[in-house]
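Asks: As given, the protein sequences belong to chains A and B, one line each in that order.
With full-length UniProt numbering applied, the first sequence covers 1 to 149.
With full-length UniProt numbering applied, the second sequence covers 1 to 349.
Hints are not guaranteed to be accurate.
[Stated by the list, open to error] From the structure, some residues in chain A lie toward chain B, with a derived Cβ separation under 10 Å: (1) L45; (2) V78; (3) V109.
Everything labelled a hint here was simulated from the structure, so no lab data went into it.
The beta-carbon is built from N, C-alpha and C at its ideal position, and this holds for glycine as well.
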Amino acid sequence: MPTREINYQQATQSLTLEYGQSKYSNVVSTNSGLALVEIQGELNLPAKKPEGLKEEEERLFIERKVPSIYSDVNDPTVDLVKFGRLELDERSGHAVLFISTSQRLEGKVEKLDHPLGILRISREGDEMCELLDVIERRVVFRNRPLPIM
Amino acid sequence: MDLYVSLPSSNCNYDLRLLTLNDEILETVRNGKERLYIKATSERKGCPVVCTDSKTFKIRQQNQSNCVMLLNVDDSTGLSFDRFSSRLILEDTSPEVPVAKLAKITDMDQFTSLQVKDDGYTLEKLFEDSAASRLEFDNLVPSRQIIEYRGSCYTVDDKLVTACLEKMLELLIKRGIDSGNELEIMKKLEEIDVGWEEWSCLNIPEELVNLCIAKFIESGKLEHDLVVRQFGLEVLKKHRDLKMDDFLINLKLRLPFNYSPEIDLKRSMRGAFFTYKDDTMISYLDESLLSEEPPRRFQQLFALKQQWEVDEIEPFVDRINKHGLKIEKFLLKYCKVRRMGRRQLVGRR
Numbered sequence: 001m002p003t004r005e006i007n008y009q010q011a012t013q014s015l016t017l018e019y020g021q022s023k024y025s026n027v028v029s030t031n032s033g034l035a036l037v038e039i040q041g042e043l044n045l046p047a048k049k050p051e052g053l054k055e056e057e058e059r060l061f062i063e064r065k066v067p068s069i070y071s072d073v074n075d076p077t078v079d080l081v082k083f084g085r086l087e088l089d090e091r092s093g094h095a096v097l098f099i100s101t102s103q104r105l106e107g108k109v110e111k112l113d114h115p116l117g118i119l120r121i122s123r124e125g126d127e128m129c130e131l132l133d134v135i136e137r138r139v140v141f142r143n144r145p146l147p148i149m
Numbered sequence: 001m002d003l004y005v006s007l008p009s010s011n012c013n014y015d016l017r018l019l020t021l022n023d024e025i026l027e028t029v030r031n032g033k034e035r036l037y038i039k040a041t042s043e044r045k046g047c048p049v050v051c052t053d054s055k056t057f058k059i060r061q062q063n064q065s066n067c068v069m070l071l072n073v074d075d076s077t078g079l080s081f082d083r084f085s086s087r088l089i090l091e092d093t094s095p096e097v098p099v100a101k102l103a104k105i106t107d108m109d110q111f112t113s114l115q116v117k118d119d120g121y122t123l124e125k126l127f128e129d130s131a132a133s134r135l136e137f138d139n140l141v142p143s144r145q146i147i148e149y150r151g152s153c154y155t156v157d158d159k160l161v162t163a164c165l166e167k168m169l170e171l172l173i174k175r176g177i178d179s180g181n182e183l184e185i186m187k188k189l190e191e192i193d194v195g196w197e198e199w200s201c202l203n204i205p206e207e208l209v210n211l212c213i214a215k216f217i218e219s220g221k222l223e224h225d226l227v228v229r230q231f232g233l234e235v236l237k238k239h240r241d242l243k244m245d246d247f248l249i250n251l252k253l254r255l256p257f258n259y260s261p262e263i264d265l266k267r268s269m270r271g272a273f274f275t276y277k278d279d280t281m282i283s284y285l286d287e288s289l290l291s292e293e294p295p296r297r298f299q300q301l302f303a304l305k306q307q308w309e310v311d312e313i314e315p316f317v318d319r320i321n322k323h324g325l326k327i328e329k330f331l332l333k334y335c336k337v338r339r340m341g342r343r344q345l346v347g348r349r
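Isolated chain B, as found in the complex (with noise of 0.2 Å):
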């Protein structure tokens, strides 16, 4: 087969790229039932994204020193129209929604006094400039607290939501007071069953509602990690650091009466809490606060406590764990590891 190559011309007017297509992206291609687009932001920052309906990949450009050309294979010649000289990798990355640019609402009473906006920004214009698939924003717009009301979207303070959450669960158990069940209430919780005639009556916006169902409830289930999580933030981030006794005890009091559900700390208050003295005092910590840098984030968390268990440092530093390296192999490029009994223990080098 001969070959030839072009040269130079003005004649083109698409740029054609070579994509690395991991095992997601070519499955879409060969099924052929999803959307696949890209989303860039107009911004400096921030990179191009690759999105199927449930996934979403970073792009970045590798460039190459070889010449690799794309040939048009006829049966006697090759002909070459096109050298690339890099090329376009996917990479895993966490979907984004621009929370900043979203107004709070912080009292129940604004909801009275925001207007009706005919051009607000909508759940759908936020997701535009999302650098999330559908599903994945989906599912961040219930954990972020963001709602669309009267044509705009507004993120939802913490408070208003543990407020909401707490007039729900305390209708769901007088429900099950009601009907005669008071010691089946935690089953009944499992198969909820409300419309909104019945929240209704509660005086909370129907947006804060279905938000609250969003988050907390899985298919018709309650999820008391959730529930638990919300309800125990709120005592952390108001003492900060207390003894675990006293948390527990604060805890099991801010939680409706008759909602006993089990309480497993390292389960659902994961990433926003650590202990020390001998597991006898509990404190929180905000990931967010942390370095993005790896050797700085491992030198404020040590400075906090000198030896952590591999589960307990995990969710301080899986956001900087860029590569996807196991946990115990990621530690150890930056701390001592040791095995002590059952329990793995990370310390400083």
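This is chain A alone, in the form it adopts within the complex (with noise of 0.2 Å):
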């Protein structure tokens, strides 16, 4: 039976860091910077950056490093494009998700029932798995879109 040791060292140090002592502290990141949104329904996104875009649509994307926990080759970059604005309310977990600007979904911060691990399994060969992070709160959006008036 294969075995893959996982490795659980950042997990562990994100875990015992005391709330403030990451830059990405708030009230949904972990300490290392991930967090959770929920949203219901898909999200319908074309295969690759689309040609001949105006300059206000230009505008929508960016251009980004693949972060190091995706990938070990070096310097890939990525397209993403920008589906909305988020604003949260640190006290009182309600959360705001501002779709282009025509809607917005209502939703709050949740602690999750069980922690969530992020693991992270190589594509390829028998390399350890890893247990990059433990996601304690999500901000879900149970609700249907309304309109911005």
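Take the two lone chains, each set in its own frame, and fit them into one complex as the hints suggest.
Replies: Here it is, written out as structure tokens:
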């Protein structure tokens, strides 16, 4: 039975850091700056960045390096598209997700019954798995979108 | 905070999965002391498992229709490079050792004929093939009567183990008598301190003696219930069905002379027998031969006996109670449970 060791050092460090010690600490992200957002349905995205975009549409796209948690190849980049703006009230945990200029979703920050580990598994070879982080809260949007008035 | 989501990319060589962490795994991650590993069989059957040093959990994939995004949060942006359509859930599971792969030693003479193997199937290889944590594996090896002999693993037949146990007990009792403590033999069996030099006079392979020590002696104390079970099973398997009085007489006659433990059948023979005709008859029942389907298993059990007491039927339905429900609650799903004085009786619906 093949066995793969799980290296969980990063997750332990993230769990043992006290609140406020990380530059990312806020109501929803972990100490290493990861957060979970859950919305109903699916996101329909183009397979690649369309050509011939207007200046206004072009501003929605950015290019970023793929974070090292996804790849150990040197400096790969990927196109990202803006799909909304998230506003969080840290005290009440109330969250609003504005999509484009016409819709908004209302949600909240929830503590997970069982924390979720982020497990990284290599696609090739018999490399060790890694438990990168432990997520204890998520932002969840359960309602249908509302119009922005 | 502006949110961005990545377009499909082939630049990633790692997959990220969400793993639901139960209390045990979370504690392991917090402490950072134990090993954590995934084991998966290459065969079609069987689930992958996650093990700590002491516990095993089955991994199940739960799909979800919602869009779950993992964000890399910055001061003013949240970048999602990954979305999840499922999560991995950990469930309690019984640890397993692939005993079927092992040859069985049924005769003492076999020990001399077995050849030394340099590339044999060792205990370490058996551990790698087992869906069990290290601690669970170490406990399962003696209880399943597995030994590593001349570089290979074997299971040892019940008869051989019983014969070895009998000789060991006789030696311990003789020691007690020789030291003038004939009346305190049972007390002496609570503090066993015998080295290999003494066991070696039994002319039994060391591996078999060590198996019996691991199975029947806990911190120098003889586990009487396990000893009674070993001999009791031999008697029950031989007769299958007999009067309770006859069984008890046969069992006491089978136990070594001067060895007189307290016999509590419900404790020591749990899950190996049932009684009928107002507890005057006893019958052997092998749980592994019963159906894995709960309705069918209850049908089989009620065909053997129309009414069971809860604690009598419990060991025969433990393994099919996959969600770990309280026994009364589980029984109510398939049978009629009624109280009669202090007794709780389980019958067909």
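Asks: Which hints, by number, does the structure contradict?
Replies: Violated hint: only 3; rest satisfied.
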